[in-house]
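Undergrad: Single-letter residue listing:
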Amino acid sequence: MGIKRRVFLIGGTALIGGGLFAVSWSERAATRRAAKLVAMDKAGVFQTWIRIAEDDTVTIFSPHVDIGQGSLTGLAQMAADELDADWSKVVLESAPVNVAFANAPLAKGFGGELLPFSIPPFLQGITGSTFAMIARNIPLQVTGGSSTVRATGQTGMRVAGAAARIALIATAAKRLGVPEGELTTVNSKVIHAKSGRSLRYGELAADAAEMTLVAEPKLKEAGDYRFIGKPIPRLDIPPKVDGSARYGMDVQLPDLRVATIMAAPVRGGKLDSVDAAPAMAIKGVEKVVKLDNAVAVIATGYWQALTGLRALSPKFSDGGHGALSSASIAAAQAAKMETDKPDNKSGHGDVPAALAASGLKLVEAKYAVPFIHHAMMEPFALTAHFKDGKLQLWGGVQDPLHSRKAAAEAAEISTDHVTFHPMIMGGAFGRRLPGFCEIIGQVVQIAKQTPYPVKLIWSREEEVQHGTYRPQASAHLKAALDKDGRIAGWTTDYAQSQDATRETRFVYDIPAFALRHYQFATNQHDGAWRSVNSNQNGFYSESFMDELAYAAGEDPYEFRRKHLRPGSRHLAVLDDVAKRSGWGTPLSTGRGRGIAMVESFNTIVAHVIEASVGNDGRPHAHKVWSSVDCGRVVNPDGGAAQIMGGIIMALSSCVDESITLDKGAVLQSNFHDYPLLKLAEAPDVDVHFLESDASMGGLGEPGVPPTAPALANAIFAATGKRIRQLPFRGQAKG
Amino acid sequence: MAIDLQVNGKSFSIEADPDTPLLWVIREELRLTGTKFGCGIGACGACSVHVDGEITRSCRIPVGSVAGKSVTTIEGIAAPNGTLHPVQQAWIDAQVPQCGYCQSGQIMAAVALIKKTGRPSPAHVDEAMTNICRCGTYPRIRMAILAATGQAAAARADS
Numbered sequence: 080m081g082i083k084r085r086v087f088l089i090g091g092t093a094l095i096g097g098g099l100f101a102v103s104w105s106e107r108a109a110t111r112r113a114a115k116l117v118a119m120d121k122a123g124v125f126q127t128w129i130r131i132a133e134d135d136t137v138t139i140f141s142p143h144v145d146i147g148q149g150s151l152t153g154l155a156q157m158a159a160d161e162l163d164a165d166w167s168k169v170v171l172e173s174a175p176v177n178v179a180f181a182n183a184p185l186a187k188g189f190g191g192e193l194l195p196f197s198i199p200p201f202l203q204g205i206t207g208s209t210f211a212m213i214a215r216n217i218p219l220q221v222t223g224g225s226s227t228v229r230a231t232g233q234t235g236m237r238v239a240g241a242a243a244r245i246a247l248i249a250t251a252a253k254r255l256g257v258p259e260g261e262l263t264t265v266n267s268k269v270i271h272a273k274s275g276r277s278l279r280y281g282e283l284a285a286d287a288a289e290m291t292l293v294a295e296p297k298l299k300e301a302g303d304y305r306f307i308g309k310p311i312p313r314l315d316i317p318p319k320v321d322g323s324a325r326y327g328m329d330v331q332l333p334d335l336r337v338a339t340i341m342a343a344p345v346r347g348g349k350l351d352s353v354d355a356a357p358a359m360a361i362k363g364v365e366k367v368v369k370l371d372n373a374v375a376v377i378a379t380g381y382w383q384a385l386t387g388l389r390a391l392s393p394k395f396s397d398g399g400h401g402a403l404s405s406a407s408i409a410a411a412q413a414a415k416m417e418t419d420k421p422d423n424k425s426g427h428g429d430v431p432a433a434l435a436a437s438g439l440k441l442v443e444a445k446y447a448v449p450f451i452h453h454a455m456m457e458p459f460a461l462t463a464h465f466k467d468g469k470l471q472l473w474g475g476v477q478d479p480l481h482s483r484k485a486a487a488e489a490a491e492i493s494t495d496h497v498t499f500h501p502m503i504m505g506g507a508f509g510r511r512l513p514g515f516c517e518i519i520g521q522v523v524q525i526a527k528q529t530p531y532p533v534k535l536i537w538s539r540e541e542e543v544q545h546g547t548y549r550p551q552a553s554a555h556l557k558a559a560l561d562k563d564g565r566i567a568g569w570t571t572d573y574a575q576s577q578d579a580t581r582e583t584r585f586v587y588d589i590p591a592f593a594l595r596h597y598q599f600a601t602n603q604h605d606g607a608w609r610s611v612n613s614n615q616n617g618f619y620s621e622s623f624m625d626e627l628a629y630a631a632g633e634d635p636y637e638f639r640r641k642h643l644r645p646g647s648r649h650l651a652v653l654d655d656v657a658k659r660s661g662w663g664t665p666l667s668t669g670r671g672r673g674i675a676m677v678e679s680f681n682t683i684v685a686h687v688i689e690a691s692v693g694n695d696g697r698p699h700a701h702k703v704w705s706s707v708d709c710g711r712v713v714n715p716d717g718g719a720a721q722i723m724g725g726i727i728m729a730l731s732s733c734v735d736e737s738i739t740l741d742k743g744a745v746l747q748s749n750f751h752d753y754p755l756l757k758l759a760e761a762p763d764v765d766v767h768f769l770e771s772d773a774s775m776g777g778l779g780e781p782g783v784p785p786t787a788p789a790l791a792n793a794i795f796a797a798t799g800k801r802i803r804q805l806p807f808r809g810q811a812k813g
Numbered sequence: 136m137a138i139d140l141q142v143n144g145k146s147f148s149i150e151a152d153p154d155t156p157l158l159w160v161i162r163e164e165l166r167l168t169g170t171k172f173g174c175g176i177g178a179c180g181a182c183s184v185h186v187d188g189e190i191t192r193s194c195r196i197p198v199g200s201v202a203g204k205s206v207t208t209i210e211g212i213a214a215p216n217g218t219l220h221p222v223q224q225a226w227i228d229a230q231v232p233q234c235g236y237c238q239s240g241q242i243m244a245a246v247a248l249i250k251k252t253g254r255p256s257p258a259h260v261d262e263a264m265t266n267i268c269r270c271g272t273y274p275r276i277r278m279a280i281l282a283a284t285g286q287a288a289a290a291r292a293d294s
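Protein sequences, first through last, are from chains A and B. Just so we're aligned: the first sequence equals residues 80 to 813 in the numbering used here. Just so we're aligned: the second sequence equals residues 136 to 294 in the numbering used here.
Honestly, the hints are just simulated from the structure, not real lab data. Mixed in with the good hints, there may be bad ones.
Subject to a maximum C-alpha distance of 27 Å in a straight line, what follows is the list of computed DSS-like cross-link-like pairs (lysine-lysine) [unchecked claim]: (1) A:K757 - B:K204; (2) A:K440 - A:K424; (3) A:K757 - B:K251; (4) A:K362 - B:K204.
All values reported here derive from a predicted model rather than from experimental measurement.
Please work from the sequences and hints to get the whole structure.
TA: In structure tokens:
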């Protein structure tokens, strides 16, 4: 302390397809642009911050949160590359957009308790107001849709890094009295080779910050990248191996209380009555809180709260859903597809005509998938504290800004009086997206009942039984093969709550295709489970593609090849995975290979899985080869980890996982009856990227969808049994 | 009642109901939050610690039963000078963690396994490493354990 640390901030707010906010915008201009932003897709808005300190430390502020995906390091790589920064002095921090940004100048947020520095006066009004306009109206910090690197990185981080570099060069040129063209940059230094002089970024930063940034700087060509494309170790990993990383679950505050909760077992039900006395008799229990559809217990610690909650015998209604079961849902979905008209459809060509032509071989199959649970390892934990009419929250959500707004609405106070402190997350996979975090409303109501900060922890049982699951869904696929074994037409009918029409790309080149959605809602709040609807749709399409290959009497790989355009990226990915996996070479007895390819989140992924089936009928994946084209890869090691993780999570879900409803309530309650794949069953995974100049795709989710069909196809190859219903479990038993 | 226990080499006297799971004493009384709550039924292993050197799921063991015993948590395995335990270093080298929430428990399980077996075979690893990881880091966990025990060549061949 005692040393005044001067720093330099560069702000840029970029939007896809809409240009860039320059830092020097007047408030009126910012207002106009922000108004436009509000009308845009929320995922299209991002902000980027770079700070350079006198000691050359470069801090990259990520607008995204760490859910375990590692993409924040990728963002830092992109900004640092364009900046020509010294990587050893690059630091990554989450942008503290939670603090007062929405209603106060930037200085108030940045200059507050969170960051130990002040910012140049010229930035305060301008950038603060831009932030304010955006933050008031739309969620800005969403992490999801495999979007961090391809969107924020490409349009925000790289641009900010490049613009900052230009300002640093201009400042150095003035100081050295030389033309800018004679200057180069490397490792956070501006160098004048002719005179052998150089200036550190830290020496230039304060003056450079006074300059107006270039809005559309020229970005590096791929050949000039120094950090992009390199397997740089993740910056977030060291604190995750020594126990020092702090998750939402780990919040510690003076006088902290802990609450836990039980919601109506049947979603849609209400709390009818509860006698608080048995809980109040437990040492450490301070209060029983009745909510509309739940009961919670506040205590001095989690164990005390849980013991109190378990002592209660609350009476809940079933909301009229008491007759609902997984079996009744499946039957109703199947019936709806036979009798009703589709609610949404897409595709191309005249499918009815194509299927009605003479001389065709018709093939059809029905598939079904259950509800599945995210099972993030860190159960929901959110801390809230009401004090002097203001509300503070601490925890991990995929969109802190939206959550702040949701908390304000639940508390019936102005958003300006709510502060959200984002924490890293022990997994999310879509569970913590805006609109799915009912814990926000719960903790706000509970916090109103105590003067102390209170951390609401969901037990694992609560977590399993009140998820926002991947929806239970049914599908009926039909196709016709012509005399040459080519697909003449194809229809996928599917029944579920969500319309996936725009989400699922059909990759094969056939004359006629129709995707038809039959809207079917249950009492569940269906959610976004890693890869969302591409998951089940990939299972249907790529299982059925295999069925068609066998119906045509062809090898599943060769059959797919025939339906892909020569020279296409899809064909290259498919060929690559077939070659690497030794497709067509002999296998040991009892083993089979399955192949599948799905494009999702703008990334093409093909897997080959080598599997066998045990005596109990459960499939065992021995090895997975994956070929991936996501355009350019920013961090191949982190990217491979995401594909690998997606494959293993998908294997777990398709082999064993199922949430089943009976009498409207979830039957499963913890990992004993909702088992996840363990290390002994995890296959080796070999990931290969085929880089291209195509627009960048995501990596967090696209590894998931081809997994279940590749395994189903491998089971068929090994046993001759076609499994059309997930999970596989022991269905392939001889 | 007061319960005496040793955690990471330090002595503590804790006022707690002896039925309270060790996990919650570690997290809420001692404020060592590196040990995680995952399931509460001993199924996931996020809460793994060592009790007198034995791998133990702390959410299922009452604090009363560890009175007088020595408990080691993730915060206690690095050398006194701060040098990471070789298993922790192997975890960084292999870039194992993703969300990281289960990794304290995974590391504690791996340290116990290596202590017991010296150079665990892949079969040992499969048998002993039963902690759940939702992010799917298992192949890298396997690789890191083999690398930490001087079996890096085997680890690479396996990947």
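Undergrad: When the structure is checked against the list of hints, which entries are broken? Sort them ascending.
TA: Of the numbered hints given earlier, the structure breaks just one, which is hint 1.
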